[in-house]
Amino acid sequence: MAEYKWPPMEKRRVMGKRIARLDGPMKSSGRAKYPSDMNRSDLLFGALLTSPHAHAKVKSIDLTAAKAIKGVTAIRVISGPGTEIQWAGTEVCAVSAVTEEIARDAVKAIKVDYEVLPHLVKEENLAKVGARAKAAGEQVTGDPDKAFADAEAKTSGDYGIPVITHCCLEPHGSVVAWGNDKIDFWPSTQAVSTVGGDLAKMLELPATQVHVDCQYMGGGFGAKFPADRWGAEAARLSKESGGRPVKMFLDRATELTIAGVRPSHFAKIKVAGKKDGTITGWQSESWATGGIGGGGMAPLPYVFTNIPNRRMNHTQVSLNTGPARAWRAPNHPQASFLTCSAITDFADTIGMDPLEVFLKNVAVSARPETYKKQLAKAAELIDWKKKYTHGAKKTGTLRRGLGIGIATWGGAGHASKCKLTIHPDGTVEVEIGSQDIGTATRTCITQVAAETLGLPMTAVKVKLGDNSYPPSGPSGGSTTIGGVSSSTRKAAVNALEKLFEKVAPSLGVAPDQLEADDSRVVAKGNPSKAMSWKQACQKIGPTPISEMGENEPRTAAREGLNTQGASGIQMAEVEVDIETGVVRIVEVVAVQDCGLVVNPKTAESQVAGALIMSVCSALMEERITDQTTGRVLNADMEFYKLAGLPDVGKLTVHMDITPEHDARGIIGLGEPCAIGGIAAIANAAANALGVRVPMVPLTPERVLAALANRRNA
Amino acid sequence: MDNFEYANPTTVKEALSLLTAGSEVLAGGTDLLSLMKDDVHKPKRLVNIKNIKALGGIAKSGNNIRIGATVTLDELASNPLVRAAYPSLVQAALGITSPQIRNMGTVAGDLCQRPRCWYFRSGNGLLNKSLVESGENKYHAIFGTGSAHFVSASSLGPALMALGATVKIAGADGKTKDVPVAQFFKAPNAEGEREIALAANEIVTDILVPSPATKNATYEVRHKQALDWPLATASVALRMSGTKVTSASITLGHVGPTPVRATEAEKMLVGQTITADSAEKAGAAAVAGAKPLSQNAYKVQLAKVAVKRALLTAAGVKAV
Numbered sequence: 001m002a003e004y005k006w007p008p009m010e011k012r013r014v015m016g017k018r019i020a021r022l023d024g025p026m027k028s029s030g031r032a033k034y035p036s037d038m039n040r041s042d043l044l045f046g047a048l049l050t051s052p053h054a055h056a057k058v059k060s061i062d063l064t065a066a067k068a069i070k071g072v073t074a075i076r077v078i079s080g081p082g083t084e085i086q087w088a089g090t091e092v093c094a095v096s097a098v099t100e101e102i103a104r105d106a107v108k109a110i111k112v113d114y115e116v117l118p119h120l121v122k123e124e125n126l127a128k129v130g131a132r133a134k135a136a137g138e139q140v141t142g143d144p145d146k147a148f149a150d151a152e153a154k155t156s157g158d159y160g161i162p163v164i165t166h167c168c169l170e171p172h173g174s175v176v177a178w179g180n181d182k183i184d185f186w187p188s189t190q191a192v193s194t195v196g197g198d199l200a201k202m203l204e205l206p207a208t209q210v211h212v213d214c215q216y217m218g219g220g221f222g223a224k225f226p227a228d229r230w231g232a233e234a235a236r237l238s239k240e241s242g243g244r245p246v247k248m249f250l251d252r253a254t255e256l257t258i259a260g261v262r263p264s265h266f267a268k269i270k271v272a273g274k275k276d277g278t279i280t281g282w283q284s285e286s287w288a289t290g291g292i293g294g295g296g297m298a299p300l301p302y303v304f305t306n307i308p309n310r311r312m313n314h315t316q317v318s319l320n321t322g323p324a325r326a327w328r329a330p331n332h333p334q335a336s337f338l339t340c341s342a343i344t345d346f347a348d349t350i351g352m353d354p355l356e357v358f359l360k361n362v363a364v365s366a367r368p369e370t371y372k373k374q375l376a377k378a379a380e381l382i383d384w385k386k387k388y389t390h391g392a393k394k395t396g397t398l399r400r401g402l403g404i405g406i407a408t409w410g411g412a413g414h415a416s417k418c419k420l421t422i423h424p425d426g427t428v429e430v431e432i433g434s435q436d437i438g439t440a441t442r443t444c445i446t447q448v449a450a451e452t453l454g455l456p457m458t459a460v461k462v463k464l465g466d467n468s469y470p471p472s473g474p475s476g477g478s479t480t481i482g483g484v485s486s487s488t489r490k491a492a493v494n495a496l497e498k499l500f501e502k503v504a505p506s507l508g509v510a511p512d513q514l515e516a517d518d519s520r521v522v523a524k525g526n527p528s529k530a531m532s533w534k535q536a537c538q539k540i541g542p543t544p545i546s547e548m549g550e551n552e553p554r555t556a557a558r559e560g561l562n563t564q565g566a567s568g569i570q571m572a573e574v575e576v577d578i579e580t581g582v583v584r585i586v587e588v589v590a591v592q593d594c595g596l597v598v599n600p601k602t603a604e605s606q607v608a609g610a611l612i613m614s615v616c617s618a619l620m621e622e623r624i625t626d627q628t629t630g631r632v633l634n635a636d637m638e639f640y641k642l643a644g645l646p647d648v649g650k651l652t653v654h655m656d657i658t659p660e661h662d663a664r665g666i667i668g669l670g671e672p673c674a675i676g677g678i679a680a681i682a683n684a685a686a687n688a689l690g691v692r693v694p695m696v697p698l699t700p701e702r703v704l705a706a707l708a709n710r711r712n713a
Numbered sequence: 001m002d003n004f005e006y007a008n009p010t011t012v013k014e015a016l017s018l019l020t021a022g023s024e025v026l027a028g029g030t031d032l033l034s035l036m037k038d039d040v041h042k043p044k045r046l047v048n049i050k051n052i053k054a055l056g057g058i059a060k061s062g063n064n065i066r067i068g069a070t071v072t073l074d075e076l077a078s079n080p081l082v083r084a085a086y087p088s089l090v091q092a093a094l095g096i097t098s099p100q101i102r103n104m105g106t107v108a109g110d111l112c113q114r115p116r117c118w119y120f121r122s123g124n125g126l127l128n129k130s131l132v133e134s135g136e137n138k139y140h141a142i143f144g145t146g147s148a149h150f151v152s153a154s155s156l157g158p159a160l161m162a163l164g165a166t167v168k169i170a171g172a173d174g175k176t177k178d179v180p181v182a183q184f185f186k187a188p189n190a191e192g193e194r195e196i197a198l199a200a201n202e203i204v205t206d207i208l209v210p211s212p213a214t215k216n217a218t219y220e221v222r223h224k225q226a227l228d229w230p231l232a233t234a235s236v237a238l239r240m241s242g243t244k245v246t247s248a249s250i251t252l253g254h255v256g257p258t259p260v261r262a263t264e265a266e267k268m269l270v271g272q273t274i275t276a277d278s279a280e281k282a283g284a285a286a287v288a289g290a291k292p293l294s295q296n297a298y299k300v301q302l303a304k305v306a307v308k309r310a311l312l313t314a315a316g317v318k319a320v
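The listed protein sequences derive, respectively, from chains A and B. The first sequence maps to residues 1 to 713 in our numbering. The second sequence maps to residues 1 to 320 in our numbering.
I should point out that these hints are in silico values taken from the structure, not numbers from a laboratory. Take the hints with a grain of salt, since some may be wrong.
In silico lysine-lysine, PhoX-like type, Cα no more than 20 Å apart, as pairs [as the list claims (entries may be wrong)]:
no.	chain 1	residue 1	chain 2	residue 2
1	B	Lys186	B	Lys291
2	A	Lys108	B	Lys186
3	B	Lys53	B	Lys186
4	A	Lys122	B	Lys138
5	B	Lys37	A	Lys108
6	A	Lys108	B	Lys224
7	A	Lys59	A	Lys17
8	B	Lys50	B	Lys13
9	B	Lys224	A	Lys650
10	B	Lys281	B	Lys267
11	B	Lys318	B	Lys281
So the derived list for chain A, only partly shown, Cβ under 7 Å to chain B, looks like this [claimed, not checked]:
no.	residue
12	Arg13
13	Gly396
14	Ile578
15	Glu622
16	Thr628
17	Leu633
18	Glu701
19	Leu704
Quick list of simulated restraints, FRET-style, between CB atoms [stated by the list, open to error]:
no.	chain 1	residue 1	chain 2	residue 2	range
20	B	Ala200	A	Lys182	53 to 59 Å
21	B	Asp39	A	Leu117	34 to 40 Å
22	B	Glu264	A	Gly396	26 to 32 Å
23	A	Pro646	B	Asn63	37 to 43 Å
24	A	Pro646	B	Gln183	34 to 40 Å
25	B	Val317	A	Lys650	25 to 31 Å
26	B	Gly174	A	Pro646	44 to 50 Å
27	B	Gly192	A	Lys67	32 to 38 Å
Note that the structure is a prediction, hence the values are computed from the model and not measured. C-beta atoms are modelled at their ideal positions from N, C-alpha and C, and glycine is treated no differently.
Please construct the entire structure, taking both the sequences and the accompanying hints into account.
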């Protein structure tokens, strides 16, 4: 039985090293070709006609004028007469043409008659949503009424975080070519091994008929798993255009309107506790929307899950807006923001340093000791003890404040299969139906294979992004690094075992007495019995060694290559101009554990990216809908605001790399680091101002309104 | 975007002859192209004026500094004459925190750009009073009583107005006219009217900024530090006798359909020394006539602070 466990920390030569991402130069020089970069000479362009109404019934569609336009190759009706449209931007027709301009002209020439129906696109004021509100039940633990009656201190606050969009720089879409016996599908996807089957199902074809190829993709964040309507329509347009490939990517406005949102979350939260900071009771009345399907309750109270007495009520609000999709740690950033805000306000009210209150109450979390250590580390990095003063004591026009956010996540590896081939010439290739969504998956797989085989990175060729390779799970739930590293490790160990069998007779030792190190195959404890990797591979014979490795989630925890349970603390320092309400980031600190870290450099980069997203969400991001027209007003990158470099401030990332965490195996990172930042920044602003700004993003109008409310109180 | 014809004249005369009905002037294109892509503008012909040499350059011209219409925002902000005399113009140009836009966008283009009102940009017209009043108006006007609730998007307009600048315009008949910047901007009363005093067959050729010495500054309040539209700006120009103000010129930006002159505040400052107190009072006077909409009362505060900080900056007093 092969031994798969990771080599000891101190013996690793490639894993755990700060290695720059292998495809960095390809990406930064533009040589990396994304699906939306594909421009074959026979390419057709697809465009969508979308509904201008948020709620309407399609009465009739007239394609006559559009069909008459020269250069149009196919037109398809997606939402035919009788269809009830539930949000503006819904796909009504699709067109393919020889140029993008003609396709757009044809879309404009289609005449659709709608019966406009009443819509609702706003949920911030729950009193105004009427019948669109649906109670999602009450959860009670302990005796919250008694806890509040007996409490030495109580606080009550209103908090809100709006709907935001994924804002993928490469919009959703694909190029599809309908061939005689197969469909070539080049989607921008997070799910190379499953998206082909998804497309086949929509087209009612065998899954075997779809070939998927996605070498690079420009951002998904949870919104790019399915083949999507526009993928299926591009395929059908290709079929109706004689099999010429059709390129259909959403334009920016449609991308921001229908390609996925993170649900909002609003809550009235009451906290009861003792004057020493111990929290004894929690009550929350929350509501959320993610579009027509409403929005589920975020996990409240977050992290502090075992507050003894709790009552939670939640209401789902159904809106005529583009639907929700997973957004980097679904529901966790909202839950962290709501919970950490309420706990910070409790600390402020009893006059305690919030750091002390967090330290005291992590006792009711699942991992108290880890959080205590991480709180201490983050506090050290941001110099909390020296800088913290209560909000009521701040003076001056520019006021600084500190805040805390907390995170928890699973992150166990997904199902993954990997094939590793050692060729007789000594070259090595890894084939895996996974994807690199910008997280350096390619680089990390290469590190694991090189580490296991005792080879340099350059000796290993990793092939991914193609569904003809062994299947690997979608990149969601922070499951990729655990899955692909484990399957790669096992494939490499299995292949090495085969190689040792071939080499052992020549070296006169048993196969299990061999090891691969420094591009050589060596007898353990006897360096004189060795041969170079190349010489060893000549013993393979004409047929390459090719072995599989599999990560099976049900048994993975037992094997120990990957596991789950990541914790993180983020702290922020902000500076608020109390005359203008402008909030600037001074610094955001992240302390994050994710078990064994394959590549600290790319891990830190991933955390830094998450911090930037948190800055955007805390200060700027908000989908703004118009109740009169039912449309998104800022479906662009002008008034849908994202941070630029001057807005980001200093980012400090501390990966919690310790022997204890390392021994847990690999744990996913993408999501846990994208959770606590909003809470940290919002709490820092509350500390700076001495008053809570109830809703993020912290725009000047919201900050000034909070200050005015305090003056008027 | 519809198909269009592209003309590339090298003289103003030639350009004017090309500006027939349905034609539009193309300079930096940073605004026009997005208007065309959004089907808000559908010109039949674009007349590129960037190859007309006479429209470039910055030079002393009598008592003025002449700024050519096609001078880029970057050229403006880095010009030594401008930097020495008009910090308010430099600050206004640098408030456009995108090197790409500063490299492409032109001075006259900044004055002629269309409003950013999201109802206008999504095809609902410029004077959609009821949509704005009942809808999302946090970025809209707090001044103006007519049909227009949009805000002038010009960054340089308020600064040029405070400096008493003039726009030189060439017309189809071959004649030129000088229009004070204050009269160049106007609030339209009917859909289809423009928000600038420039006919479709006219071209801005120069901007003339008087050179008598003033202490001047622009202060911009912006949500983001990176590229973002101002929420409110104030540009001031002060003539001083020692520490006393002999005359003040104050213009607010991004708060009304045109730049808004603050005459009461200007009068108040005559004979005063600029202090935190006098600047604060001038700020309050500048916004006394504001009539905010349902969501933009905060802009009154921002405009007030912008005036205060612009005055303090112009006077060389620490503003924050």
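Taking the hints in turn, this is what the structure says about them:
| no. | hint | result |
| --- | --- | --- |
| 1 | Lys186/B / Lys291/B | holds (18 Å) |
| 2 | Lys108/A / Lys186/B | violated (34 Å) |
| 3 | Lys53/B / Lys186/B | violated (29 Å) |
| 4 | Lys122/A / Lys138/B | holds (16 Å) |
| 5 | Lys37/B / Lys108/A | holds (13 Å) |
| 6 | Lys108/A / Lys224/B | violated (35 Å) |
| 7 | Lys59/A / Lys17/A | violated (62 Å) |
| 8 | Lys50/B / Lys13/B | holds (14 Å) |
| 9 | Lys224/B / Lys650/A | holds (16 Å) |
| 10 | Lys281/B / Lys267/B | holds (12 Å) |
| 11 | Lys318/B / Lys281/B | holds (17 Å) |
| 12 | Arg13 | violated (41 Å) |
| 13 | Gly396 | violated (9 Å) |
| 14 | Ile578 | violated (10 Å) |
| 15 | Glu622 | violated (11 Å) |
| 16 | Thr628 | holds (5 Å) |
| 17 | Leu633 | holds (4 Å) |
| 18 | Glu701 | holds (4 Å) |
| 19 | Leu704 | holds (5 Å) |
| 20 | Ala200/B / Lys182/A: 53 to 59 Å | holds (55 Å) |
| 21 | Asp39/B / Leu117/A: 34 to 40 Å | violated (26 Å) |
| 22 | Glu264/B / Gly396/A: 26 to 32 Å | holds (30 Å) |
| 23 | Pro646/A / Asn63/B: 37 to 43 Å | holds (38 Å) |
| 24 | Pro646/A / Gln183/B: 34 to 40 Å | holds (36 Å) |
| 25 | Val317/B / Lys650/A: 25 to 31 Å | holds (30 Å) |
| 26 | Gly174/B / Pro646/A: 44 to 50 Å | holds (47 Å) |
| 27 | Gly192/B / Lys67/A: 32 to 38 Å | holds (34 Å) |
In this structure, the earlier hints numbered 2, 3, 6, 7, 12, 13, 14, 15 and 21 are contradicted, and the remaining ones agree with it.
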